[in-house]
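Asker: Residues per chain, in single letters:
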Amino acid sequence: DAGITQSPRHKVTETGTPVTLRCHQTENHRYMYWYRQDPGHGLRLIHYSYGVKDTDKGEVSDGYSVSRSKTEDFLLTLESATSSQTSVYFCAIRIGLASTGELFFGEGSRLTVL
Amino acid sequence: EDQVTQSPEALRLQEGESSSLNCSYTVSGLRGLFWYRQDPGKGPEFLFTLYSAGEEKEKERLKATLTKKESFLHITAPKPEDSATYLCAVIQGGSEKLVFGKGTKLTVNP
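First to last, the protein sequences are chains A and B. Taking my numbering, the leading residue of the first sequence gets 23, the next gets one more, and so forth. Taking my numbering, the leading residue of the second sequence gets -7, the next gets one more, and so forth.
Bound-form chain A, shown alone (with noise of 0.2 Å):
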């Protein structure tokens, strides 16, 4: 178990609110990833941290934002939620000098926008 948390787990939520998905990790690993996943897409990565306040952008990273101010948590804030948003996220580590492609995920976090 790589402590991984999402929270929340399931949020509904109307279009233009702001949301903020929270991952907390409980060990002080430095590579963060956020990803979404949606029929007929598979997961698509948004955003990934590699320390502290460095973040770079994922392949879907329009209408999303993130911030990592400690090692622990890395947050993913949608400005304005819009129904194109709805979907599952997953937060995922990289455990150590483990390869880029070997990850750990968190259980998700169900986004509906209404």
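These are calculated hints, taken from the structure and not from any lab test. Since the structure is predicted, the reported quantities are computational estimates derived from the model, not experimental observations. A portion of the hints provided could be inaccurate.
Distance condition first, Cα-Cα at most 25 Å in a straight line; then the derived DMTMM-like pairs of lysine to aspartate or glutamate [what the hints assert, rightly or not]:
hint, chain 1, residue 1, chain 2, residue 2
1, B, Lys89, A, Glu81
2, B, Lys51, A, Asp60
3, B, Lys60, B, Glu7
4, B, Lys34, A, Glu124
5, A, Lys79, B, Glu37
6, B, Lys89, A, Glu36
7, B, Lys71, A, Glu49
8, B, Lys61, B, Glu1
9, B, Lys34, A, Glu49
10, A, Lys33, B, Glu62
11, B, Lys71, B, Glu1
12, A, Lys33, A, Asp95
13, B, Lys60, A, Asp78
14, B, Lys61, B, Glu48
15, B, Lys97, A, Asp95
16, B, Lys51, B, Glu73
17, B, Lys61, B, Glu7
Quick list of simulated restraints, FRET-style, between CB atoms [stated by the list, open to error]:
hint, chain 1, residue 1, chain 2, residue 2, range
18, A, Gly73, B, Gln6, 47 to 53 Å
19, A, Ser121, B, Arg53, 39 to 45 Å
20, A, Pro30, B, Glu1, 42 to 48 Å
21, A, Ser89, B, Ser11, 40 to 46 Å
22, A, Val74, B, Ala2, 27 to 33 Å
23, A, Ser105, B, Gly8, 20 to 26 Å
24, B, Pro72, A, Pro30, 31 to 37 Å
25, B, Gly86, A, Thr134, 21 to 27 Å
26, B, Val19, A, Gly73, 24 to 30 Å
27, A, Ser29, B, Gly8, 39 to 45 Å
28, A, Glu49, B, Ala2, 33 to 39 Å
29, A, Asn50, B, Lys60, 35 to 41 Å
All residues carry an ideal CB built from backbone N, CA and C; glycine is no exception.
Based on the hints, put chain B in the right spot on chain A.
Answerer: Only chain B this time, still in chain A's reference frame:
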């Protein structure tokens, strides 16, 4: 154009009926190919890493192989608990980004 294509999209097997899942990729400078398993309502779980053509990895009833254009996940004498969606992903040279295929949903009937 998809960089990672998995086939079939869905596969139904009887318990004990061996088969293979396919993952073809088009990235240049492959740095690694990765297999994951995902159960309903859960996050993906890492299974294997393959780095070069000819490499093979095994875990219980699963065996992953890699060529220059594709990877296979062979399932020998599957059991119902092997039912899951299997995801393939790649990293190409110079990138920190893991690109996933859409997955193959495997159902093993008792």
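Asker: Are the hints correct? Go through all of them and say.
Answerer: Now the hints, each set against the structure:
{"no.": "1", "hint": "Lys89/B x Glu81/A", "result": "holds (9 Å)"}
{"no.": "2", "hint": "Lys51/B x Asp60/A", "result": "violated (28 Å)"}
{"no.": "3", "hint": "Lys60/B x Glu7/B", "result": "violated (31 Å)"}
{"no.": "4", "hint": "Lys34/B x Glu124/A", "result": "holds (17 Å)"}
{"no.": "5", "hint": "Lys79/A x Glu37/B", "result": "holds (23 Å)"}
{"no.": "6", "hint": "Lys89/B x Glu36/A", "result": "violated (31 Å)"}
{"no.": "7", "hint": "Lys71/B x Glu49/A", "result": "violated (35 Å)"}
{"no.": "8", "hint": "Lys61/B x Glu1/B", "result": "holds (19 Å)"}
{"no.": "9", "hint": "Lys34/B x Glu49/A", "result": "holds (21 Å)"}
{"no.": "10", "hint": "Lys33/A x Glu62/B", "result": "violated (38 Å)"}
{"no.": "11", "hint": "Lys71/B x Glu1/B", "result": "holds (19 Å)"}
{"no.": "12", "hint": "Lys33/A x Asp95/A", "result": "holds (19 Å)"}
{"no.": "13", "hint": "Lys60/B x Asp78/A", "result": "violated (30 Å)"}
{"no.": "14", "hint": "Lys61/B x Glu48/B", "result": "holds (15 Å)"}
{"no.": "15", "hint": "Lys97/B x Asp95/A", "result": "violated (32 Å)"}
{"no.": "16", "hint": "Lys51/B x Glu73/B", "result": "holds (14 Å)"}
{"no.": "17", "hint": "Lys61/B x Glu7/B", "result": "violated (30 Å)"}
{"no.": "18", "hint": "Gly73/A x Gln6/B: 47 to 53 Å", "result": "holds (49 Å)"}
{"no.": "19", "hint": "Ser121/A x Arg53/B: 39 to 45 Å", "result": "violated (24 Å)"}
{"no.": "20", "hint": "Pro30/A x Glu1/B: 42 to 48 Å", "result": "violated (31 Å)"}
{"no.": "21", "hint": "Ser89/A x Ser11/B: 40 to 46 Å", "result": "holds (45 Å)"}
{"no.": "22", "hint": "Val74/A x Ala2/B: 27 to 33 Å", "result": "violated (42 Å)"}
{"no.": "23", "hint": "Ser105/A x Gly8/B: 20 to 26 Å", "result": "violated (45 Å)"}
{"no.": "24", "hint": "Pro72/B x Pro30/A: 31 to 37 Å", "result": "holds (32 Å)"}
{"no.": "25", "hint": "Gly86/B x Thr134/A: 21 to 27 Å", "result": "violated (37 Å)"}
{"no.": "26", "hint": "Val19/B x Gly73/A: 24 to 30 Å", "result": "holds (26 Å)"}
{"no.": "27", "hint": "Ser29/A x Gly8/B: 39 to 45 Å", "result": "holds (42 Å)"}
{"no.": "28", "hint": "Glu49/A x Ala2/B: 33 to 39 Å", "result": "holds (36 Å)"}
{"no.": "29", "hint": "Asn50/A x Lys60/B: 35 to 41 Å", "result": "holds (38 Å)"}
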